[in-house]
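Chemist: Sequence:
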Amino acid sequence: GLTLRGIPKQGPLGYLSHLEALRYCQVGSFYKSPLYPLWVVGSTSHFTVLFAHSQEVLQESEAEQLLNRVQRAFKAADSQENGFLQVTQLGEVLRSLDLPIGDDQNQLAALAARLEVQGVPIILWEDFWRAVSLLMSGASLEQVLDQTPESSSPVQMLGSTPGGVGGAGAGLGTEAALPVMQDTASAGLVRPIPRSDSDLARQLQAEFD
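Here the UniProt record's numbering is used: position 180 in the sequence shown is 180, and no number is missing along the way.
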């Protein structure tokens with residue numbers, strides 16, 4: 001079969017697609033954040049070039065950088081974008097994120113037992129993100145294991161439906177003590193409630209008419 005993969009690093013130009021708004025595909029973060037503020041936008045009938053005069057439009061918050069990095073590591077193990085990974089893959093993914101717990105078999109087993117879906121040897125993206133975002137923000141394993149599924153934060157909300165993880169419409173808790181998590185709501189990083197396909201289709205059709 002044919003396997004399509006994205007680019008491994010930022011390119012000089014960016015690419016955006018109207019099809020992503022319709023949730024038919026996902027454009028990777030490296031395409032969305034190129035080295036220079038210049039994007040090609042693909043639509044059903046033509047291409048459009050967008051540009052900005054300032055590099056500031058390319059700057060990502062710490063929360064967005066964290067989300068993008070964790071998503072890439074997760075999707076490397078979840079190549080079919082099912083929204084979950086096998087428990088046996090957890091150590092490899094954690095090591096790719098430079099988390100020491102990936103090499104500690106006892107800690108790894110404890111975390112896997114906490115994240116594993118009961119009766120099924122898989123780990124869902126949302127549970128994975130909730131734990132890893134804490135670990136990568138300085139929390140200890142004990143703090144992660146003490147978290148409850150109901151614990152939430154603006155950054156968790158940012159990635160609770162990860163773009164491209166678990167389907168084309170899918171994007172990502174923590175306590176207030178973690179500074180990277182604190183100001184995302186005021187910064188406008190919490191994603192709005194997605195509109196239906198018909199709403200998006202009507203909007204795009206109105207743009208073309």
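Do not rely on the hints blindly, as some may be mistaken.
[As the list claims (entries may be wrong)] Label pairs and their calculated CB-CB ranges: (1) L13 with E142: 39 to 47 Å; (2) R5 with L38: 17 to 25 Å; (3) H46 with P100: 45 to 53 Å; (4) Q118 with R23: 44 to 52 Å; (5) Q65 with R5: 20 to 28 Å; (6) G42 with Q80: 41 to 49 Å; (7) Q143 with E56: 31 to 39 Å; (8) Q55 with G138: 37 to 45 Å; (9) Y36 with Q86: 34 to 42 Å; (10) D98 with Q143: 12 to 20 Å; (11) D146 with E60: 46 to 54 Å.
[What the hints assert, rightly or not] Listed below are the simulated EDC-like cross-link pairs for lysine to aspartate or glutamate, each with C-alpha atoms no more than 16 Å apart in a straight line: (12) K9 with E20; (13) K32 with E56; (14) K32 with E60; (15) K32 with E81.
I should point out that these hints are in silico values taken from the structure, not numbers from a laboratory.
For glycine and all other residues, C-beta sits at the position ideal for the given N, C-alpha and C.
Chemist: Which constraints among the numbered hints does this structure fail? Numbers only, ascending.
Modeler: Going through the list in order, the structure violates hints 4, 6, 8, 11, 12, 15 and respects the others.
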